[in-house]
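Full structure from sequences and hints, please.
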Amino acid sequence: MTLNVKERRNKTGTVLVATGEINSETSGSLLQALLPLVREGKPLKIDLTAVTYVSSAGLRTLLVVYREAQHAGVAVTLYGVSEEVRFVMSATGFLDFFETGEAVAAAAKAKVKAAR
Amino acid sequence: MTETRSEQVLRVDAYPTHEVGGYRVRAGKPFPFGANVVPGGVSFSVFSDQATSMTLVIFKRGEPEPMAELEFPEEFRTGSVFAMTVFGLDHENIEYGYRADGPYDPVTGHRFDARQVLSDPYARLIAGRDVWGVEPDRSRGYQYRSRVCLQDFDWGDDTPLGIPAEDLVVYETHVRGFTRHPSSQVTAPGTFAGLREKIPYLKELGINCIELLPVFEFDESDNPRTNPETGEQLFDYWGYNTVSFFAPKAGYAATGRYGMQGDEFRTLIKDLHAAGIEVILDVVFNHTAEGNEQGPTISFKGLDNATYYMLTPEGYYFNFSGTGNTVNCNHPVVRNYVLDCLRHWVADYHIDGFRFDLAAILGRALDGTPLPNPPLLELLAYDPVLRHTKLIAEAWDAGGLYEVGNFPAYGRWAEWNGKYRDTVRSFLKGDPGVTGELATRIAGSPDLYATRGTAASVNFLTAHDGFTLADLVSYNDKHNEANGENNNDGANDNNSWNCGAEGPTDDPEINALRTRQMKNALAILFTSQGIPMLLAGDEVARTQQGNNNTYCQDNELSWFDWDQVDDNAELLRFTRGMIEFRKHHRELRSTAHPTGQVREHLGLPDISWHGERAWQPDWSAESRLLAVARCGTGDDDVVYVAMNAHWESHDLELPALPGGRSWHLFADTGAEAPYDIRTPGAEQELDNAGKYLIGPRSVVILVGRANASDDLDTP
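Chains X and C are the protein sequences, given in the same order.
Under the UniProt record's numbering, the first residue of the first sequence carries the number 1, and numbering increases by one thereafter.
Under the UniProt record's numbering, the first residue of the second sequence carries the number 1, and numbering increases by one thereafter.
Source of the hints: derived by calculation from the structure; they are not laboratory data.
What you are looking at is a predicted structure, and each value in this text was computed from that prediction instead of being measured.
We treat Cβ as the ideally placed atom computed from N, Cα and C, and that holds for glycine.
Don't take every hint at face value.
What the hints assert, rightly or not - DEER-style ranges, computed between Cβ atoms:
# : chain 1 : residue 1 : chain 2 : residue 2 : range
1 : C       : Gln233    : X       : Glu83     : 40 to 46 angstroms
2 : X       : Glu7      : C       : Asp167    : 53 to 59 angstroms
3 : X       : Gly28     : C       : Pro313    : 55 to 61 angstroms
4 : X       : Glu40     : C       : Arg573    : 56 to 62 angstroms
5 : C       : Leu10     : X       : Glu40     : 25 to 31 angstroms
Said to hold, decoys possible - With a straight-line Cα cutoff of 35 angstroms, these simulated DSBU-like cross-link-like pairs (lysine-lysine) come out:
#  : chain 1 : residue 1 : chain 2 : residue 2
6  : C       : Lys60     : X       : Lys6
7  : C       : Lys203    : C       : Lys419
8  : C       : Lys270    : X       : Lys42
9  : C       : Lys270    : C       : Lys429
10 : C       : Lys198    : C       : Lys29
11 : C       : Lys583    : C       : Lys198
Shown next, in the form of C-alpha cells:
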C-alpha cells in the first residue's frame, strides 16, 4: 500500500493532503514531505480524510512532526480523521497531542455563539 | 534557525559486515537482551547456556511459514549469548522467534528441540492472541510470536507518583472484568481503554492505587474445561499463567489487533497518574505457562530448561506453585531476568509497584529449600531502578511455605496479611475467642511486623481469590460447580456466614443484616492500621453467586455490573465515606505501631481499648464487643471505633474527652441510610455525651473534637 501526498498552499498556511496508509513503509516519505513545511514556520494542516489506516510507526511519525512543530512554534492541525483512526489514536493517547479540525471548528462555533 | 532532530548521526555499527541467508548482518550487542531497533536494523540477543547452535526465525507478520532462518555465526556468540544485528528489516511487519539446538536429555535437565520455534523471553510484544477469546489456529507451529517494538512513548512529565505506602488505598481489579459487562457503557469494553474511561469513577470512590490482576501476555484459551451445565468453553480468565513476561496482554487492548497494546496500556497508566492513582501489577514469577513434562514448549523450556526451572534430581519439575512447574528464581541468570523484567515495567511503563503471586517461592533455593537470605528478594529490595516502587508479597506458596510476618523484607517488602483477613472475618461472623487477636490485627499486626511498621501489612478481607464481600455474607459454602471440578476447587476455609439463608433471598431482615455486615467489614477495614485493599465491586455488593474461585469464569459471575452502582448506591456511599474518613485521620495511617504512650496535649494514649465500660475491654472468649480509641498528634484527631459482632445491643460508656471536647457521630452501621454515615468534618455531636447504644452486629465510629468544623487533619 502506498501513500500519496499533495501540498496546497494558501494565505493562512499549508495543507498537506495524504491518501493511503501511513505505516512503517510509507511514513518515511511522509516525514520528508512534512518536515520542510514545518520549517517554513506557517500553520500546517494535515488532511487525513483519504487515509484508511495509521499504524504504530505512522502515529509515531505524526508525533515526531508535532514535536518538531512545537519546537518551531508552528501550529499543526489534523483534519478528516476517520472514526477508526480516531479511535486508535484516542485509545493509544496520540490524539491528546493534536488539535483536530473538528475540534477547531467546534471551538470556532462556540466562540461565535459567545460573541452573540 | 530551527534545528531538526531527524538528521542521523553516522555510526560505524550502522553497516553490515556479514551476510547470512541472504540478509546483511553484523555481530549484535549482547546487552540489552531482546530485539532492539538500532540504526539500519534490529539487534537480536538471546541467552542459552547449553545450546550448541541458535537460529533466528523471521516471519512476515501473520504468515504461517518463516520468511528467513538465520543461524547465528559462531563469532556472534559472546559467552552464552547469541547476538546479531539484521539490516533492512521492516520492524513493524515482522514476527520472530528462535530455534535452539542442543541436547535432549531430561534427566540432566535439557529439553532442546530445534523443530520448535521459541518465543523470546524478552519480547516486548507478542502476537498470536491479539483479540480476547478468538479461537486460535492451533495448526500453526509457532503460536506466541515475538514482535519488535519501539520504546519511545511520550510520557510528558509523568513519573511514578510515590504516594507514601501508609497513605495508599488499594483497589484490586481485573482489566477485562472491570468494563466488559454491557452495562459499563464504555467505548471499548474489557480493555485498557475501557478502564481509562472509568477513571472518574475510581477518583470519586477515593482510592489512590489500583492493583491489576496479571496483564503480562497469557493465553486465555489454554483452559481445556467446559461448564458442565452449559457446555460453554471456560477460559483462563484471571491470567495467572504467563506466556511472556515483558509483553502486555494484547487481548486487553482495544488496539491489540494493530499491535498497539503497549501504547494503550501506557496511556492508561499516564491518565491514572494524572488522576492521582498509582498502578500496581500482580506478577507471577513462581511458574510459567509451560507446565510440567506434558506442558507446551513456549520459550524457557526450549532455550534453557535446566537454568529456568527447579528440577528434581531425576529431571522432573518441582511443583511448589501447584500448576506444574516452578521458576528457578534464585538461579543467578533467572534473578537477573526477573530484575530486568521489573525494571522494564518501571522504566518503560511507569509502574508504581508489584504484588508477587506466591512470593514464598521467590525465597526458595535451586533445590526448593527455603533460603534464610534469598538473593532475589534482596536484589529487588535494593535495586536502583526499583528503589521507590512498592513490593508486596503473597507470602505463601502451594508447597506449604507460609511466611506471613516472616517474609525476608530488607526494610522494603510488604505482605498481603492473610491473618488480618481470617481474624476480621471470624470476628464479623460472631466466632468466640477472637477479640484479642482482632485488637492485634486492627493495630497493624505488631506481632507480625514489629520492626517493619504498619505499612508492611496489606489489610484485606476479600480479594480475587475467594468470596466477594457480598458473597461472604450470603453463603456458608462455596458454590463452584460452574468451574467443572465438582466443587472441589477453591478454598474451603472461608470464615463466611450467610446471615440465615444460603444465597439470594427476599427476606428483608436477612438482606438488611447482610448490608450491615458489609458496612461493618468496610468500617473495620478502613479504620485499621496498615494498607487497606478493596476488591473491585465490593463497594456495590458485587456477587459471584457463591463461586469463590472464578479463575475460569469470563462472564457475569466475574464482571463488574455497573447497574449495581445505582442499585447499591447506599453501600457505595458508605464506602466512599469510609475512604474519605481515613484520609482525614492521619492516626489511622500512622506507620508506627501504637504503644499506649499518652499524648500529652490531650492526656489520652495513642491507643486505648474499651468495652461496654470505658477503659474496660472484655478479652474473654465469649466477648464479641471491642472498642478502640486512637489519639493522634492533632488537636482533634481522636477516633473511637466500637465493633459489636454480638447479636444483641449494648450500652456503651464512652471514654471522657479532655478540655471541652465532645464525641461526634461519624458512622453507625445500625442506623438507616443516610444516617449510617456522615461527611467527614460534619459529624453530629452526640446528645448524650457519655453513652451510646450500639445495635446488634454494628460498628459505630465517633470522633472527639471541640467543634465539628475546626481544624481537620486533611492530608
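Against the structure, the hints come out as follows:
| no. | hint | verdict |
| --- | --- | --- |
| 1 | C:Gln233 x X:Glu83: 40 to 46 angstroms | 32 angstroms, violated |
| 2 | X:Glu7 x C:Asp167: 53 to 59 angstroms | 55 angstroms, holds |
| 3 | X:Gly28 x C:Pro313: 55 to 61 angstroms | 57 angstroms, holds |
| 4 | X:Glu40 x C:Arg573: 56 to 62 angstroms | 58 angstroms, holds |
| 5 | C:Leu10 x X:Glu40: 25 to 31 angstroms | 28 angstroms, holds |
| 6 | C:Lys60 x X:Lys6 | 31 angstroms, holds |
| 7 | C:Lys203 x C:Lys419 | 29 angstroms, holds |
| 8 | C:Lys270 x X:Lys42 | 32 angstroms, holds |
| 9 | C:Lys270 x C:Lys429 | 41 angstroms, violated |
| 10 | C:Lys198 x C:Lys29 | 43 angstroms, violated |
| 11 | C:Lys583 x C:Lys198 | 22 angstroms, holds |
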